[in-house]
Each structure stands twice: as C-alpha cells, then as structure tokens.
Amino acid sequence: MAEKKKTNIILFSGDYDKTMAAYIIANGAAAYDHDVTIFHTFWGLNALRKNEKLQPKKSFMEKMFGKMMPRGADNMPLSKMQFLGMGPKMIKGVMKKHNAMPLPDLIDMAKEQDITLLACTMTMDLLGLKKEELLDDIEYGGVAAYIAEGEDGAINLFI
Amino acid sequence: MAEKKKTNIILFSGDYDKTMAAYIIANGAAAYDHDVTIFHTFWGLNALRKNEKLQPKKSFMEKMFGKMMPRGADNMPLSKMQFLGMGPKMIKGVMKKHNAMPLPDLIDMAKEQDITLLACTMTMDLLGLKKEELLDDIEYGGVAAYIAEGEDGAINLFI
Amino acid sequence: MAEKKKTNIILFSGDYDKTMAAYIIANGAAAYDHDVTIFHTFWGLNALRKNEKLQPKKSFMEKMFGKMMPRGADNMPLSKMQFLGMGPKMIKGVMKKHNAMPLPDLIDMAKEQDITLLACTMTMDLLGLKKEELLDDIEYGGVAAYIAEGEDGAINLFI
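Chains as they are written, first to last, in numbering that gives the first Met the number 0: chain B, 0 to 158; chain S, 0 to 158; chain Z, 0 to 158.
Hints were generated in silico from the structure; no laboratory data involved. Where hints are given, some of them may not hold.
Only pairs whose alpha carbons sit at most 27 Å apart, straight line, appear in this in silico DSSO-like list of lysine-lysine [unchecked claim]: (1) Z:K96 x B:K129; (2) B:K52 x B:K110; (3) S:K79 x Z:K96.
Which bits of chain Z does chain B cover? Going by a derived footprint, with three or more residues having C-beta under 8 Å, they are [to be verified]: (4) 18-31; (5) 40-47; (6) 86-93.
All C-beta atoms in this analysis are idealised placements derived from N, C-alpha and C, irrespective of residue type, glycine included.
Please model the entire structure based on the sequences and the hints provided.
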C-alpha cells in the first residue's frame, strides 16, 4: 500500500487572513487524502486558544502576554487593512454573504478531517500559555516533531 | 524524457517587496527549466490587477475593497519602511539606478517564460474582483488546483 | 553512502521573532543531520549585519538605508506587538527567564553546526550593503544559488 503524501504547515502568523489561508490549504490537502499537520508556533498559537477567560497561575509577564494576545481564532486581526478593527468585520461580512466558512468552522472541519493540530511547546513556555487555555484534542511538540514530519513532506509551507 | 521539476509559489502578500521576491524566484526557477506556477490569493491578487479604472457592477462592499486595494503591481506598498509612501519610491529609485527590473517588468518576463499566473477564484469572489479587472492571459482556480501542483513540487513556497 | 537531506530557508523578513523561528528550524534540521542553508535576502540581510558603525563609501540613498535598517540581529523589531520597542525587550526578558537562546546565540550555534549563511548579492547591491558590514565566514550568491539548492530540498521554507 502506498504511503499517504504529507502536507506540513508551520503557522507562525497570528493574523486572521493568514490563518484562514493555512486552514483552507490544510483542509484542501486532507480532501486530497494527504496526511496533514499544522504546527502552531509563536502568534499562530492564538488560533488554538479557547475563547474563555481562564485564570491559570501565571507570572506578571505571562499575564501581560495573555491579555495582549487575541483569545482564539475569532478575535484575530487582519494582516492588512486592519482599520481599527473594521477590516476583520468587513471580511467576515463578505464571507457570510458568500457562504464562505469563518475561521472557527475551518478549524472544526480540520479536526473532523483528522488534521493534526500541534502546539509548539517552546512558544507555550515562552508566552506562558497553559494546556488548559488551548483547544482540546490537540498535540504538543517542539522543533524535532516538525523536522521529523517536514523532511517527508510533499508540501511544506511556512505561513 | 525526464519530467520537468516544478516550482509552485503561493503569493498571499500584497507587498511590493515580497511580490518582487516571488517573481524573482519564479523567473529564476523558469530559467532553470522548472515548470513554474504562481497562485495569487488574498492580497496577492492585487499584483494581477490592471492599472485602469473599470466599472464592473459591484456591491457596496466590493466597491470599498476595490477602492482600498492597490490597482496593480506598481501601486503596491512595502512590507517594511513604508514611510507614508516614500519607501516604495526609494526602492524604485535604487532599483532604477542599479538597472534592476521593476515589478511590472518582472511580471512581463514571467509571462514570456511561460510561468502560469493563476488567480484564486475564492478570493476573487470574496473581494469582488472580476476577470475583466485582472491581467489577460492568466488562469483561474481554487485550492484544489494548488494541491494538484504542489504535491509534485520540487520547490513549494508561501510568500 | 546516502546523501544528506537538505533544508533550505529563504529569510526575507527582518523581524526578530521570524528570524528566531528561522534559526530554530535551521538548527533543529542540522541536529537531524540535514545539510542546511539560510538565504538571507531583502530585510533578512539585517540579521547578518555587524553591530558596529562602519563607514564604507556609500551614496546618499545607501547611507539612508544603512541608517534606517537595524544593525544586526539584536536590534531587530518584532513582527507583532512592537509597542514602541517594548515588545522585543519583553520577549528577550521571558527568553532569558526560560533560558531560551537569544538570536545572536542562535546564529553562533548555526555557524558551529556548519549551517551555510548566504547573503543575497542582489539585495546587497540594492540596499548598498558592503561585505565588510556583514558577519565574517558567510557566503554570497543570487537566485541561481537558491534554485540549485532548493530543487533538491526536503524542506524548503520562505520566512
């Protein structure tokens, strides 16, 4: 039996539009029967945050990062045309009008298609993000986990 | 006969400098006899816009996007050092001095080298961009078109 | 003897966090016995600048670029949460607290692991950067050098 092709996406960006692109490509590759992993690192981790105020024990700096960073996919800014927050609303408006899937739905779809959502443990450590603050059913790993997958990837992208 | 190697570039960015990098790599790969495709998605579509004011029928939101986004490669901003528009002029100035090709020429060269310029139909739909507003002789497709090419790519990049 | 796998990273970005990601991936791949090259182009060249004021002969425009761009890895801004310079200090603070390697150390480690650090000659020409302003023991090349490596890459990324 032939092995499945692999698509590995490093999601570094914390922007709504770039995250959307990452998840659209990931879902597309899964539909083409690829084995897909999204490695969420740095600001890309914000896509995996729960939209709840949790109060895990944190240092002052960790609390500051926690407050400054968006809590979950639906609260992320645009990479362009942010316009004091109007940009994301516009994009979400036209997406709704065109029946395009909003980001939280794209993430749900990724889970249903068995795409591996991986959180970078080094970044979690740096920014003080705790497992209880992130979505359930995700995996954890560092750069070694990425290289192990990436070196066999048919499609490798850094977004 | 050996098959040609493939280079597939997803151009997501609408920045002048990143678009330049994408087209320089694409033209370089074509010179090395690669089969090259640039998938223009999201703000990357602006590189394919004609520098003309066209008046296709559009909704209010589509008109707003149309006005806010740069019309064609020559009007795109820099990703860094934008300086109220001075940055692009400086870059174009030094490029001229060094006989480096400006972006519109790099796009023409890409066409001459038979690089496939593909516009993402999903983004066109979202942002309300019509075929008549984009350059002639380009192709159209969605994420499926990308995966089909990307999974055989020797070089796959997201820019 | 099997050939080593190759990881090729185009570092376009001049941001501290993105450059950190590039060097962490590069060092990780080298630890997995990959042959690794980082192609520093556009703002990515700033990571290779010496932190010294040198006075090579330059045109007015070259001097301006030289002044406006950060001199070396330790002076680069963040891609997000720059906060008038507070962001990089915060990141460096938490990195120190967690014993994470700061960027200049990651670059030293890359050299020790025989990662090839390559400076894009076309960009040097455009921005007026001279060899004497860049780190010692690096290599020089253009897009042809990239394609030659990239087309055999197991992992190719644009950062």
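Evaluation of the provided hints:
1. Among the hinted pairs, Z:K96 with B:K129 is consistent with the structure: their alpha-carbon atoms are about 17 Å apart, no more than 27 Å.
2. Between B:K52 and B:K110 the CA atoms are separated by roughly 23 Å; this keeps the pair inside 27 Å, and the hint holds.
3. A hinted pair counts as satisfied when its Cα atoms are at most 27 Å apart, and S:K79 with Z:K96 does not qualify at roughly 30 Å.
4. Given a C-beta distance limit of less than 8 Å, the hint that chain B covers the region 18-31 of chain Z holds, as 8 residues qualify and 3 suffice.
5. Using a Cβ-Cβ cut-off of 8 Å, 0 residues of the region 40-47 of chain Z lie near chain B, which falls short of the minimum of three, so the contact claim is violated.
6. For the region 86-93 of chain Z, the proposed coverage by chain B is satisfied: 4 residues have a C-beta within less than 8 Å of a C-beta in that chain, meeting the threshold of three.
In this structure, the earlier hints numbered 3 and 5 are contradicted, and the remaining ones agree with it.
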